[in-house]
Amino acid sequence: MKAAVIRFPGSNCDQDCHYALQHVFGIPTDYVWHKDSSLKGYDLVVLPGGFSYGDYLRCGAIARFSPIMKAVVDYANHGGLLIGICNGFQVLTESRLLPGALVRNRSLHFICEHRFLRVGATDNPFLNLAQPGQVLNLPIAHGEGNYTADQATLEELNANRQILVRYCDAQGVVSDAFNPNGSLNNIAGICNADRNVFGLMPHPERACEARLGSEDGNVIFQSILNHLGVRAVA
Amino acid sequence: MNTTAVSLPQDPEITPALIAKHGITPDEYALIQKILGREPNFTELGIFSVMWSEHCSYKNSKPELRKFPTTGPTVLVKAGEENAGVIDVGDGWGIAFKMESHNHPSAIEPFQGAATGVGGIIRDIFTMGARPVFNLNSLRFGQITGDGANVKTNRRLFSGVVAGIAHYGNCIGIPTIGGEVYFDESYEGNPLVNVFCLGVLKHEEIARGAAKGIGNPVFYVGAETGRDGLAGAAFASRELTEESKQDRPAVQVGDPFKEKLLLEACLELLTTDAVAGIQDMGAAGLTCSTCETASRGGTGVEIDLEKVPKREVGMTPYEIMLSESQERMLIIVEKGKEHIVKEIFEKWDLPYAEVGVVKDDGMMRVKVGNVTVAEIPARQLADEAPIYSRETQAKPAPVALTKIPTTDIATALPRLLADPSIASKNWVYRQYDHMVRDGTMVLPGSDSAVFIVREANKILASTSDCNAIYCALDPREGARVAVAEAARNLACSGAVPLAVTDNLNFGNPHKPENFWQLRECVEGLAEGCNAFNTPVTGGNVSLYNENPAGAIDPTPTVGMVGIIENEAHVTTSFFKDAGDAVILLGELGDEMGGSHYLKVLFGRKEGIPPHVDFTKERALHDTLRALIGKGLVKSAHDCAEGGLAVTLVESCICGKKALGADVDFGATGLQPEVLLFNESQTRIVISTSPANADIVLAQARESGTPARRIGTVSSTQLAIKADGNEIRWKIDDLSDEWYGSISRCMSEA
Chain B
72 MKAAVIRFPG
82 SNCDQDCHYA
92 LQHVFGIPTD
102 YVWHKDSSLK
112 GYDLVVLPGG
122 FSYGDYLRCG
132 AIARFSPIMK
142 AVVDYANHGG
152 LLIGICNGFQ
162 VLTESRLLPG
172 ALVRNRSLHF
182 ICEHRFLRVG
192 ATDNPFLNLA
202 QPGQVLNLPI
212 AHGEGNYTAD
222 QATLEELNAN
232 RQILVRYCDA
242 QGVVSDAFNP
252 NGSLNNIAGI
262 CNADRNVFGL
272 MPHPERACEA
282 RLGSEDGNVI
292 FQSILNHLGV
302 RAVA
Chain P
2 MNTTAVSLPQ
12 DPEITPALIA
22 KHGITPDEYA
32 LIQKILGREP
42 NFTELGIFSV
52 MWSEHCSYKN
62 SKPELRKFPT
72 TGPTVLVKAG
82 EENAGVIDVG
92 DGWGIAFKME
102 SHNHPSAIEP
112 FQGAATGVGG
122 IIRDIFTMGA
132 RPVFNLNSLR
142 FGQITGDGAN
152 VKTNRRLFSG
162 VVAGIAHYGN
172 CIGIPTIGGE
182 VYFDESYEGN
192 PLVNVFCLGV
202 LKHEEIARGA
212 AKGIGNPVFY
222 VGAETGRDGL
232 AGAAFASREL
242 TEESKQDRPA
252 VQVGDPFKEK
262 LLLEACLELL
272 TTDAVAGIQD
282 MGAAGLTCST
292 CETASRGGTG
302 VEIDLEKVPK
312 REVGMTPYEI
322 MLSESQERML
332 IIVEKGKEHI
342 VKEIFEKWDL
352 PYAEVGVVKD
362 DGMMRVKVGN
372 VTVAEIPARQ
382 LADEAPIYSR
392 ETQAKPAPVA
402 LTKIPTTDIA
412 TALPRLLADP
422 SIASKNWVYR
432 QYDHMVRDGT
442 MVLPGSDSAV
452 FIVREANKIL
462 ASTSDCNAIY
472 CALDPREGAR
482 VAVAEAARNL
492 ACSGAVPLAV
502 TDNLNFGNPH
512 KPENFWQLRE
522 CVEGLAEGCN
532 AFNTPVTGGN
542 VSLYNENPAG
552 AIDPTPTVGM
562 VGIIENEAHV
572 TTSFFKDAGD
582 AVILLGELGD
592 EMGGSHYLKV
602 LFGRKEGIPP
612 HVDFTKERAL
622 HDTLRALIGK
632 GLVKSAHDCA
642 EGGLAVTLVE
652 SCICGKKALG
662 ADVDFGATGL
672 QPEVLLFNES
682 QTRIVISTSP
692 ANADIVLAQA
702 RESGTPARRI
712 GTVSSTQLAI
722 KADGNEIRWK
732 IDDLSDEWYG
742 SISRCMSEA
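Protein chains in written order, with the working numbering: chain B, 72 to 305; chain P, 2 to 750.
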């Protein structure tokens with residue numbers, strides 16, 4: 072199996088994602104430059120966090136038009152596994168690969184801290200090794216992670232079990248008191264109806280080693296490997 | 002000396018008033034005439050004024066800075082040699098780090114002032130060929146509690162500075178993992194914004210800022226030059242006044258996205274063999290980078306301003322040379338390798354231009370097409386600014402306190418915890434991405450930040466410290482304490498100190514009391530650095546920090562970096578498990594001078610500040626590290642502002658899960674306020690599993706460090722007994738005071 076981490080100008084979690092995939096999980100991983108136009112031969116594509124194109128105009132709005140995104144959309148439409156983390160999630164909503172939008176945190180401040188997430192649906196490639204209701208501890212670091220969508224979209228997300236993680240407390244209680252950014256229904260991450268595209272604001276790649284405070288990001292990468300029928304080397 | 006530099010038709014006439022406006026004294030002007038063998042033109046006058054400003058030349062502080070220890074077996078690049086010093090950390094890896102101030106710009110425009118400060122220090126680090134891996138900052142503002150107009154201004158400055166640092170650091174993707182924030186009247190109107198960056202590199206990757214190789218082309222890369230930040234270095238080298246607000250053009254505007262591209266492009270270029278020399282354009286922009294590279298290379302540099310990328314039309318040579326537009330670099334390219342620069346900068350969509358050539362005549366020559374508009378001997382301009390030894394006048398020695406005021410201790414402790422200087426800084430560090438780059442092992446809020454640099458597989462600990470109240474009362478002792486506290490913070494994390502960078506923030510050096518403070522502090526820092534074997538690798542001097550009420554408290558900020566050889570030795574400040582033994586390493590202490598108890602509860606900055614004995618201090622650190630090395634220490638927290646009581650509370654509540662403690666000091670014979678709130682140095686509170694308590698006590702005493710068991714970690718209460726009295730607090734109440742204080746202040750804004 073082979074993974075690609077897309078590098079936009081201004082991506083800054085690209086090296087962290089590369090490290091997690093290649094060194095923690097032993098997945099051969101390439102960087103793919105935003106000016107490239109092919110994603111042939113990859114089993115997993117990651118849109119990393121950062122400030123693509125400086126997040127000018129709107130987070131992820133310019134990245135959507137970069138040459139590689141045509142290949143990314145094509146790859147996703149053919150069922151390829153695609154995960155967008157933080158700024159990558161913003162790029163996914165801007166590209167309409169995922170519904171809804173991410174707007175400024177309700178506090179208007181950038182927020183960086185560990186947060187608890189309650190796992191929703193697990194019948195997907197990204198959380199198949201997790202238990203429904205399991206609580207994960209992952210860091211967030213964003214200024215615009217406030218997920219919003221219209222009522223019809225929200226109902227559809229719920230009906231199709233597309234809400235994969237929500238902000239909660241240590242016991243898994245989902246309520247507004249544990250919502251860091253004002254996200255609709257505490258949504259932290261969703262997948263598309265075809266279940267091959269996953270976008271989330273928290274950073275699983277920052278939670279892959281006990282020495283950094285949490286290994287709860289592992290279940291996401293291991294689920295992907297499990298789905299692809301590959302066992303992690305590391 | 003030839004006299005080819007012409008005056009331009011639009012140049013104003015050089016008059017004594019114009020010279021004075023450039024901050025150049027009549028004697029300095031005479032020296033300029035002598036160096037040139039003629040009158041300078043307007044452009045040249047501007048060039049001299051920025052290069053001979055304190056910010057660029059250190060003309061008022063150089064003789065003092067020579068007192069710092071700067072050598073040692075681990076020093077790869079010495080202070081002052083290059084943009085930042087480099088220290089060996091083993092296995093062929095080095096670290097480059099430095100601290101720099103952006104005080105004046107932040108006073109005028111807090112967001113951009115602080116943001117560009119971060120941008121500047123990051124450029125200093127990657128100019129060395131190092132990949133920046135983390136940032137710290139040391140900030141000081143006026144008081145933020147209350148609702149006076151000045152308090153609102155202080156909150157605006159605080160909030161703007163934090164947002165500016167967050168904006169730049171978060172976007173460029175370098176974690177801001179620690180630092181310090183203090184609030185004190187003396188910084189009203191003149192906040193201090195000291196920013197620190199550390200990068201890693203292999204020994205053979207160290208890049209030099211010298212213009213080597215006659216005939217090599219000189220490239221300009223990065224953002225276009227605009228009119229922003231005109232003569233910022235000169236602006237930073239005078240006092241802030243009411244009129245300073247009109248100096249807003251002297252504040253630069255930062256673009257972290259562009260710097261991220263510049264950083265990646267430069268590091269990529271430095272892996273090739275195309276670079277003969279590289280220098281960032283920071284203070285004094287194109288002026289400083291051309292004359293400094295020529296001076297270091299023993300060469301000359303000739304540039305043509307027509308070729309410089311500009312974002313505005315009609316800029317004069319004076320404006321181009323003095324612009325401090327951000328995100329620009331000067332690169333001396335090996336002749337014949339120009340295509341490599343072009344390929345890499347085109348890949349990153351960054352402007353670049355060949356603007357000049359290295360010459361053998363020692364001159365910095367600036368042309369516009371065929372017309373020479375400035376021609377100055379580079380070495381004299383860059384390195385031979387006049388040096389001054391200013392007059393000193395000692396301030397009166399601090400007076401010993403005769404009586405310590407009493408108080409209701411039950412309410413005094415929560416009040417101290419809620420003081421913004423002591424309270425949790427989570428409102429600040431939550432706004433900084435402190436986890437990007439996947440290396441933050443100890444999150445902000447412990448004694449020092451601990452970061453594993455994956456590239457090098459090295460665990461580094463880093464802290465910045467300075468108690469300016471002590472420095473105001475006794476500058477020498479205060480500076481000594483700053484170094485000792487930094488080393489103690491590192492020891493509490495399990496680290497061995499390696500080296501120091503400093504940021505000397507003082508008032509106008511022409512006032513003899515201010516200059517005396519500078520000298521005393523430098524000598525105090527030097528004593529401390531010698532005591533802990535930590536050479537000074539560089540830093541920054543910021544003078545003229547004044548407001549209408551006078552100079553700031555002298556603030557020699559110490560940034561110290563250490564190394565932790567074994568991952569298992571990384572130690573945090575907070576208690577881990579109920580039932581663990583709480584042990585005080587060091588004495589109970591009794592020094593109340595300069596204490597936060599007096600300042601916060603009684604508004605008094607008085608007394609003789611605590612004295613530090615370096616022999617005892619070193620012994621304490623060695624003892625602690627030995628205990629940590631044996632796996633006997635579960636937490637270690639240094640005793641500082643607010644004394645033992647605050648240290649104990651922080652040990653209880655800093656962790657993920659708040660704990661309590663039952664503490665019994667026995668019979669001490671001390672006034673309770675003195676026992677709980679004195680700030681004597683050389684003390685650390687540790688916790689250990691109950692089974693190891695006696696071993697820890699025995700080993701500490703054996704190595705000559707006083708040690709006593711003072712209590713046991715519990716769950717929901719802090720109970721302190723001494724001399725027959727007992728006071729109890731609910732941990733949740735204390736935690737709320739401490740954790741939420743700054744947010745509460747800021748939501749009133």
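These are computed hints drawn from the structure, not numbers from a lab. Incorrect hints may have been included.
Derived pair list, reagent style DSSO-like, types lysine-lysine, alpha-carbon separation capped at 30 Å [said to hold, decoys possible]: (1) P:K338 with B:K106; (2) P:K336 with P:K203; (3) P:K348 with B:K73; (4) P:K360 with P:K213; (5) B:K106 with P:K348; (6) P:K600 with P:K459; (7) B:K106 with P:K360; (8) P:K338 with B:K141; (9) B:K106 with P:K426; (10) P:K426 with P:K213; (11) P:K348 with B:K111; (12) P:K658 with P:K426; (13) P:K311 with B:K141; (14) P:K213 with P:K60.
Away from chain B, derived, C-beta distances all over 12 Å, residues of chain P [unchecked claim]: (15) S160; (16) I405; (17) R438; (18) N726.
Using C-beta positions, here's what the derived DEER-type ranges look like [claimed, not checked]: (19) P:T154 with B:L128: 24 to 34 Å; (20) P:G741 with B:G204: 24 to 34 Å; (21) P:T154 with B:R129: 51 to 61 Å.
Backbone N, C-alpha and C define an ideal beta-carbon position, used for all residues, glycine too.
Do the hints match the structure? See the list:
For the given pair, P:K338 sits about 24 Å from B:K106 by alpha-carbon distance, which is consistent with the 30 Å threshold. The suggested pairing of P:K336 with P:K203 holds, with an alpha-carbon distance near 25 Å, which does not exceed 30 Å. Between P:K348 and B:K73, the direct Cα distance comes to roughly 25 Å. Compliance with the 30 Å bound is thereby established for this hinted pair. A C-alpha spacing of about 9 Å is found between P:K360 and P:K213, which places the hinted pair at or below 30 Å, so the restraint holds.
Our distance criterion of 30 Å between C-alpha atoms is met by B:K106 and P:K348, whose separation comes to about 9 Å. Of the supplied pair hints, the one linking P:K600 and P:K459 is violated, its CA atoms being roughly 40 Å apart against a limit of 30 Å. Only pairs whose Cα atoms come within 30 Å are accepted, and B:K106 paired with P:K360 is rejected, the gap being roughly 39 Å. A threshold of 30 Å between alpha carbons decides the hint, and for P:K338 with B:K141 the separation of about 35 Å lies outside it, so the pair is violated.
With a C-alpha separation of about 41 Å, the suggested pair B:K106 and P:K426 falls outside the 30 Å cut-off, and the hint is violated. Of the pairs offered as hints, the one joining P:K426 and P:K213 is violated, with about 47 Å between alpha carbons and a cut-off of 30 Å exceeded. The straight-line distance between the Cα atoms of P:K348 and B:K111 is roughly 22 Å, inside the 30 Å bound, and the hint therefore holds. Proximity of P:K658 to P:K426 is assessed by CA-CA distance (about 17 Å); at most 30 Å being required, the pair is judged to hold.
Between P:K311 and B:K141 the alpha-carbon distance is near 34 Å, which puts this suggested pair outside the 30 Å criterion. Taken as a hint, the P:K213 and P:K60 pair is honoured in the structure, with Cα atoms around 27 Å apart against an allowance of 30 Å. Under the 12 Å C-beta cut-off, the non-interface status given to P:S160 relative to chain B is violated; the minimum distance is some 10 Å. The claim that P:I405 lies off the interface holds: its Cβ sits roughly 40 Å from the closest Cβ of chain B, which is beyond the 12 Å cut-off.
For P:R438, the condition that its CB be more than 12 Å from all CB atoms of chain B is violated, with the nearest at approximately 6 Å. Consistency note on P:N726: stated as away from chain B, and its beta-carbon is indeed over 12 Å from all of that chain's, at 37 Å minimum. In this structure the hint that P:T154 and B:L128 lie 24 to 34 Å apart at CB holds, the actual value being about 33 Å. Checking the proposed 24 to 34 Å range against P:G741 and B:G204 shows it holds: the Cβ atoms sit about 31 Å from each other.
Against the hinted window of 51 to 61 Å, the Cβ-Cβ separation of P:T154 and B:R129 comes to about 32 Å, which falls outside the hint.
Hint compliance for this structure: hints 6, 7, 8, 9, 10, 13, 15, 17, 21 are not met, and every other hint is.
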